[in-house]
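Residue numbers (this note's numbering), protein chains in the order written: chain U, 1 to 321; chain L, 1 to 321; chain C, 1 to 321.
Some clues are possibly wrong.
Which bits of chain U does chain L cover? Going by a derived footprint, with three or more residues having C-beta under 8 angstroms, they are [to be verified]:
| hint | stretch |
| --- | --- |
| 1 | 184-190 |
| 2 | 256-269 |
List of simulated lysine-lysine pairs, DSS-like, C-alpha gap at most 27 angstroms [stated by the list, open to error]:
| hint | chain 1 | residue 1 | chain 2 | residue 2 |
| --- | --- | --- | --- | --- |
| 3 | C | K271 | U | K48 |
| 4 | C | K266 | L | K48 |
| 5 | U | K47 | C | K48 |
| 6 | U | K226 | U | K271 |
| 7 | L | K13 | U | K47 |
| 8 | U | K47 | C | K47 |
Restraint-style ranges between C-beta atoms, simulated for each label pair [as the list claims (entries may be wrong)]:
| hint | chain 1 | residue 1 | chain 2 | residue 2 | range |
| --- | --- | --- | --- | --- | --- |
| 9 | L | S119 | C | R133 | 52 to 60 angstroms |
| 10 | U | K13 | L | Y135 | 52 to 60 angstroms |
| 11 | U | R53 | L | F165 | 37 to 45 angstroms |
| 12 | L | R133 | C | A148 | 29 to 37 angstroms |
| 13 | L | A25 | C | R138 | 35 to 43 angstroms |
| 14 | C | N134 | L | D45 | 20 to 28 angstroms |
| 15 | C | A148 | L | A25 | 29 to 37 angstroms |
Hints listed in this document are in silico derivations from the structure and should not be mistaken for laboratory results.
For glycine and all other residues, C-beta sits at the position ideal for the given N, C-alpha and C.
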Amino acid sequence: MPLRHPQLRADGKLAHLLTIEGLPAAMIHRILDVAASFIGVAERDVKKVPLLRGKSVFNLFFENSTRTRTTFEIAAKRLSADVVNLNINTSSANKGESLLDTVDNLAAMHADLFVVRHSQSGAPFLIAEHLNRNYQGRIQVVNAGDGAHGHPTQGLLDMYTIRHFKKSFTELRVAIVGDVLHSRVARSDIHALTTLGVPEVRVIAPETLVPSGVEQLGVHFTTDMKKGLKDVDVVIMLRLQNERMNGALLPSAQEYFKHYGLTREKLALAKPDAIVMHPGPMNRGIEIDSAVADGAQAVILNQVSFGIAVRMAVMSLLVAP
Amino acid sequence: MPLRHPQLRADGKLAHLLTIEGLPAAMIHRILDVAASFIGVAERDVKKVPLLRGKSVFNLFFENSTRTRTTFEIAAKRLSADVVNLNINTSSANKGESLLDTVDNLAAMHADLFVVRHSQSGAPFLIAEHLNRNYQGRIQVVNAGDGAHGHPTQGLLDMYTIRHFKKSFTELRVAIVGDVLHSRVARSDIHALTTLGVPEVRVIAPETLVPSGVEQLGVHFTTDMKKGLKDVDVVIMLRLQNERMNGALLPSAQEYFKHYGLTREKLALAKPDAIVMHPGPMNRGIEIDSAVADGAQAVILNQVSFGIAVRMAVMSLLVAP
Amino acid sequence: MPLRHPQLRADGKLAHLLTIEGLPAAMIHRILDVAASFIGVAERDVKKVPLLRGKSVFNLFFENSTRTRTTFEIAAKRLSADVVNLNINTSSANKGESLLDTVDNLAAMHADLFVVRHSQSGAPFLIAEHLNRNYQGRIQVVNAGDGAHGHPTQGLLDMYTIRHFKKSFTELRVAIVGDVLHSRVARSDIHALTTLGVPEVRVIAPETLVPSGVEQLGVHFTTDMKKGLKDVDVVIMLRLQNERMNGALLPSAQEYFKHYGLTREKLALAKPDAIVMHPGPMNRGIEIDSAVADGAQAVILNQVSFGIAVRMAVMSLLVAP
């Protein structure tokens, strides 16, 4: 049976970043520590370090996401890597080439790192296992989102954000609000929070937007926003996908906002110093009110800034000599 | 009331380049002088200067224009900046994110400069005001074309071209020919020419392709090509948009060429050393005859070369420390 | 009458790379020798050399091909060039600008090298002749595939691969199998093999997929796979284009595989140390069986690696001072 997590080397070091599931707490903290050392780079006059000079990073996007691609592209460029963007919808995939043939082809160009986005869960794992088997660990993979499965750099940047503002994880109450069922971010966050010792993770959502047996992930589930937000330190709002809004799972966007949209009134139930997070892009007036999105407790843009540093950290840990 | 031109700092320096309207003549000349210093860079063996090394330039194109994007991309790369291209049709805009949320997101990645193209007039102003309000002047905007409003770097490169070939503005007669109504170039040029002291600017066009009250911009208007071209020093031809050619505003492309297409015969009415300009892409045989486009008086490709230097000048004035 | 091959300078040096047709054997060997010197670059820690620093390379793709574009982009970046990708379907071509006006425009930006892909045979020749006429040899062209005509860097990398594994060309039997009629690779390879002194080149294909008079190219033609593969040293498989598979030219993909698909059994007819090549992307189970594609005799991924070095060689021979 193949290993479920080809991301760890025999010596315990990170070979790929595929999922937060199974990452030891010490490794998560290590990544966040390295990220902290990159925060300053973005504030320098010359926002570059030469760590990945002459390395070839391929943004291999089988699903379009300008936003996510941009974060990895800018992170790689600030590490001085050579970056090539491949949007594979319009390319070899059309010509019927298999995923692994595409990967082999780019590997033969002496790729150092693949940043992989795919609509199908598990695609980055498949690629990583293939690379481990055939390229002696010379080529690394970062999962930039695979179907509903995970989005580990988003999970890590969320942890960076919480650690930055709350210092420690071990006393926190964290609420995750919204469409947990379809959210790769939610899955990554739940795994990370649990691993880092957060004693109470709550999921707040309508029944139709939660996977069955969600409690087995170690979280408390409630459909009641008021109950769920009571005294939390951190609120992680999830994006409501457009395609859900008028579908069978929800009555309407307006109805959703009434019950689950984060307003000042609902936020007042959380601790006074609670922070509000959102992975973006936001639907203002649907899952979050503008007064909250732009309010003093929102750390949504900090997440983005930290995200660049976290991606630089992951890339440099994987690739830098 | 917000300032109409958030592009000027309190100290009179350039904070953004949004429009030529309101730019003092001294500032236009300053930009052209800096551009002149970059002309030589493109002729060197190594066409690069390190002025923007480690800076992050985002080409934020809400409207597709490979041609314009390329000019800014090459200019930024010759300044050694890191450039990221974002084509927002196919991205967050689809996901319903607001313009300013997109901007905040990229600003949080520590962007230094946004080159903005948008189909709606005023979008770059909105972005610049937002950045001024929220980022203490750390992030700059260049308008790369907003609706029918303006295209200031095109205006500036046109002024560079005229200054290069005619040395001085104060004795010139300049004719602008064609679809002034829909042309952002025409508006930018009229403002620049007037500011720089050109005593006579003529607009030559059919009635249907001129904004009502065009004379209030300080130009002379005529529908008569022969009268309009008489003794001019500079002819600026405008592109006839495909969508106008068979629309209600014009009888046909052939008819247009007959009356307003620049031929050798018509050009002979101008001064013998008159120069012919065009912002490109040209419709040969519609607004301009090939004999003129490729003739000795055409400076159309010089405009393109100067355009790179002008964009380097604008970027370095805005961003370089 | 214009020269058919504007790619050679008066002094016999390479001015452009447009076609393998007419390239002297010595020049092919020279390119392969330079490529050999670049093989090591891709294995270094810093995979870059400064040969094209500050040069502007434009990937001018009038036909989409992410795969080919990527190979040139990575090659140019490893030479430290500034690379701009232009996909012209969605750009000026739509606005009705002529091919040569587009080229002039980019030339005026002080381009150093155009990598041109076009669906029409001869387009890169047209561009090269235009540049020779108007830019005194300052701007070079590499043909990255023009219609069914040619794909010279693919031909050169195939020669590199054969030379690498077989050392010499003068004793070889080479079989080219498949859709020769529509293959630019086949044409390039046949010219190169003949020029380099391969005594026996065989074309194996159904009658419907071979140009009439193919023997006039100096090859032996057979429809019989078994006869054709007998004792060959090199097998070059061609990709069966999707659009042929169910068209009038072929009964079906299954039928094609039965007769012309390369299986272990058929390959056993070749010499025991025969190598198997394919330009990619492969249709596994159609023109090639997976057991062969992944087998010990396949050098398909070596071709890709060598291809980067060959493209670096071509670019540096054309552009480096």
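TODO: Please flag the earlier hints that this structure goes against, numbers listed from lowest up.
DONE: Those not satisfied are hints 1, 2, 3, 4, 9, 10, 12 and 15.
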